[in-house]
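Engineer: Here is what each chain is made of, one letter per residue.
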Amino acid sequence: MLFLRRQVLAQVGRFANVSANASTKFGSLRFAHKPSFTADSYPSLQRDPRYATLNQADIDFFRSTLEKEGGSIVNGLDQSTDPSDLEAFNVDWTHKYRGKTQLAIKPKTTEQVSRILKYCNSRRLAIVPQGGNTGLVGGSIPVFDEIVLNLSLMNKIHSFDELSGVLSLDAGVILENADNFLAEKDHMFPLDLGAKGSCQVGGCAATAAGGLRLLRYGSLHGTILGIEAVLPDGTILDNMVTLRKDNTGLDLKQLFIGSEGYLGIITRLTVICPRRPRSTNVAFFGVSSYENVLKAFSESKSYLTEIISAFEMMDNTSQRLVDALNSTQRPLEEEHPFYVLLETQGSNKEHDEQKLNELIENLIEKEVIADGVIAQDESQLRVLWERREGITECLAKAGSGVYKYDVSLPLNVLYDLVNATKERLADLKLLGESSDQPVIDVVGFGHMGDGNLHLNVAVRQYDKRVEKALEPWVFEWVASHRGSISAEHGLGLLKKPYLGYSKSPEMISLMKTLKNVFDPNGIMLPYKYV
Amino acid sequence: MSKLRVLVGVKRTLDYMLKPRINPAKTAVDLTGQKMSINPFCDIAVEEAIRIKETQKDRVEDTLVVTAGPSASEQILRQSLAKGMQRASLIDVGNKELEPLSVAKLLKAMVEKEKSNLVILGKQAIDDDAHQTGGMLAAMLGWPQFTSASKVAFDGDKVVVTREIDGGAETLSSPLPAVITTDLRLNVPRFANLAKIMKARKAPLGKLTPEELGVPIENRLQTLSVEEPVSKRHNIMVKNVDEFVNTLKDLNAL
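First to last, the sequence lines map onto chains A and B. At position 362 of the first sequence the residue is numbered 362 (UniProt numbering), and the sequence of numbers has no breaks. At position 122 of the second sequence the residue is numbered 122 (UniProt numbering), and the sequence of numbers has no breaks.
Hints listed in this document are in silico derivations from the structure and should not be mistaken for laboratory results. A hint or two may mislead.
Unchecked claim - Have a look at the derived ranges for each label pair, beta carbon to beta carbon:
#: 1; chain 1: A; residue 1: Gly197; chain 2: B; residue 2: Ala195; range: 23 to 29 Å
#: 2; chain 1: A; residue 1: His221; chain 2: B; residue 2: Lys151; range: 54 to 60 Å
#: 3; chain 1: B; residue 1: Asn252; chain 2: A; residue 2: Arg63; range: 53 to 59 Å
To be verified - Here are the simulated DSS-like cross-link-like pairs (lysine-lysine), alpha carbons at most 25 Å apart as the crow flies:
#: 4; chain 1: A; residue 1: Lys355; chain 2: A; residue 2: Lys295
#: 5; chain 1: A; residue 1: Lys301; chain 2: A; residue 2: Lys366
#: 6; chain 1: A; residue 1: Lys156; chain 2: B; residue 2: Lys232
#: 7; chain 1: A; residue 1: Lys185; chain 2: B; residue 2: Lys35
#: 8; chain 1: B; residue 1: Lys239; chain 2: A; residue 2: Lys34
The beta carbon of each residue, even a glycine, is placed where N, CA and C say it ideally should be.
Assemble the whole structure, with the sequences as input and the hints as a guide.
Structural biologist: Given below as C-alpha cells:
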C-alpha cells in the first residue's frame, strides 16, 4: 500500500515557534514548558474547606474496590510514584490549566464507579470525571486536589443492531474506535470532530459535543437514545433504552447530556447511528468576502437540500497558519480572504455529483466564489478536511498558547467578532511581531452551518494582559448581539464566570436547585460549570 | 531540439483508500457501487506531463492522455484535461478484462498513430500491482525505459531521470524517445480547478476501439481464485505499565 506523503515544511514566517514532538491529529502535544498551577493563575479560586483531604485509608478502600474486576490507580500519596505519572491527569489539552490531584482512579465497571462515588460522597471527597481529556474549557482536570475518575478502561462496545442502527457502548470508548466498528457494519457514528482519535463518547455526551456534521445528523441530544449514569450517592440510573421513541415521563437523560459531570457520571450510552453514506463529496472554495460566504451557504442549501452534510468556513489567517506549520498541500494556488469546505453525503454517487455540479456552475456564474476544487478521490478528500481539522493543532504549535472562544452568533455578524477582536488587541498594542507583544494572530473559523464561530487568539505565552483584554469583552460583544458564549465547548472552568451572559438568573437558580437534588454534598466537578 | 509529443497512459481503479472486498464466488474483487478513481501512480504521470508542459512551454507540441477501459473511464480523462492535459482519448473495450500485454500493445499502436516521443506511465496499478505495462511497451517500441522515476529533467535532446532503487537512487540519461514510469516521490498531483473541470466536461474526447487500432484483445491468463490475505497477529499498544499489566491479566497471561 502507499504511504502518506510528507511534504517539506513551507516557509515558517511569523508562526516561528514550532515546538518539538508535534504529533498526529489530537495526540498529546508536549510543550517545552509546564503550565502554571490553575490555583496560582487564578488566585480568586479557593479550595473549598468542606472537602476532605485524601488519606491512606481512602487509597486502601479504592484499591480494594478495584481488586476483583481490575482497574488501576495512580497514587500520588505513595512516595515511590513518579509525580509525572499524574501529569496527564492534571494538565488539559490546551496546556493552560494544571491541577494538583494526588489520585487518579481508572475503574473497569459501573459497579466500581458506584462504590467509589458512594464512598467519596460519604467522605466528602471531591471528584472530577475525565474521559479523553481533550476538552477546551478546562473542565476535565482538577483545580485543586479533586480525585480524577478516568473512564478510559471502560471501553467496551456491547452490541449493535444492524436493522435499527442502535449501538450500545461504554462511555470510555474512543470516538474513532466506535466509528471504525460501525464502518465495518455499513453505519457511522452520528458525531465527528477533530479530537476523534482521543476523545471518548461519554465525554462527548457530557459536553453535548456538536462536531463537524451537526448540520446533517443533528445533536447528541437527539441521537443518544439512552444512558446509564451513576449519581453522586452511588445510585446507578439505568436508562439504557434501545428504542427510537420512548415518551414515558421526564426525559432525565437530557439533564446528563451536556452536564459536563456536574450531576453524575455517564457510564454507558445507546446511540442511534445512521447508515454510512455511499457517496461523499468535498468541495473547497476560495471566497472574496464574508457576504459571499453567506450567499454560498444559502445557495448550497438550495441546491443540495437533503445531501449537504458540512459547511465550514475558514479565514485566510487560519490557512496561512496551516501552510506554515502543517505539510498539507494547498488546494488553491492563490490566497482568498475566506475559504469554505462543503461536503455532501448521500446514497447515490451520480445523483450527488449532478447536484453538486449544478450548484458549482451557479456559484461560478454568479461570481459568489472566486475559485475552487473538488476532491477527485478519497485521498484528496482527506487533504481538504485536513485544511480545516488541522487548524487547531497548528494554532497550538504557533506559540505556547491559544485563547479559544467558541461562540454562537447570528450569521450576518459572525465574522465581525474576529475583526473587532483584532482591532481591539492591536489598539491595546498586544498584537504584533515583536516578542513583547504576546498575541501572534487572531484567527476565525467554524461550523458556519450551525452559526458557530471558533475565535482563536494564538499567543507566544499565556498572558494576563491578553486575558483581561478579551474577558469579559468577547462575551459582552456576543451577548450584545444575542449570541451564546459557548456554542459547543461547554462551560468548564473557563466560562463559568460568564454564564450570566447567556442564561437568565432564574434559569441559573433552577440549575443550582437541581444540583442540590442530585449532588447535595457538591462532590462532582466543584469550582466549575454553574 | 526536437519538439516533445507526450503521451500519458492512465488506468481507472478502485479508489486506493478503500478496503477491497472479495465477491462471494471468490473470483474477483467486488467493485459494485464502489468509488473508482484514477490510479495514484497514473495521476502522478499526468501531473508530471503537465509540469513538463508548463516548464518547457515552447518545446511541448502536444500532451495526450489515453485510457483503455469502459465508457465510465471518461471521468478520469476529463479530470486530466481539467488539470491541464491538452487532449484525451478513450479506447473503449466495454467491460473486458485487460491484461498488461494488451494494454502495452494498445499503447504502442497509439504511440505510432500519434507520433509520440515521450511516454509517461504509472509504475504499477494498485489493483493488480503487475508493474509490467511500462517495461513491455518500451521493449516492443525498442525505446529506452526509466522505471520508478523520482525526478525527470531535460538536457538538450536528452532526458535525465533519477530512479529509486534498492539502496538509494540512480540517475540515467538517454536521448528521446523514451518511456518513463512514475514512482511515488516524483510529484504531488494538483487539485483540478472547478472552472476548468466545468470546461473539461464539454471538451471533445477522442474515441477509438481496439479493432480500429488493429489490436484484437486476447487474454492469456485465467484467474482461478481471489482470497483475503492471512490476517496478521494483533499487536496491542499499551500506554503505561499499569495498562501493560492489566492487558496481560486480560489475556490470562499472568
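Engineer: Now look at each hint and say whether the structure bears it out.
Structural biologist: Hint check results:
1. For the hinted restraint 23 to 29 Å between Gly197 of chain A and Ala195 of chain B, the CB-CB distance of approximately 36 Å leaves it violated.
2. Between His221 of chain A and Lys151 of chain B the Cβ separation comes to about 55 Å, which falls inside the hinted range of 54 to 60 Å.
3. The supplied range of 53 to 59 Å is broken by Asn252 of chain B and Arg63 of chain A, whose beta-carbon atoms lie about 22 Å from each other.
4. A distance of roughly 17 Å separates the Cα atoms of Lys355 of chain A and Lys295 of chain A; the hinted pair therefore holds under the 25 Å criterion.
5. In summary, the hint linking Lys301 of chain A to Lys366 of chain A is supported, as the alpha carbons are separated by about 16 Å, within the 25 Å threshold.
6. Simply put, Lys156 of chain A and Lys232 of chain B have alpha-carbon atoms about 22 Å apart, close enough for the 25 Å limit, and the pair holds.
7. Straight-line distance between C-alpha atoms of Lys185 of chain A and Lys35 of chain B comes to about 18 Å, which keeps the hinted pair within the 25 Å bound.
8. Between Lys239 of chain B and Lys34 of chain A, the direct Cα distance comes to roughly 21 Å. Compliance with the 25 Å bound is thereby established for this hinted pair.
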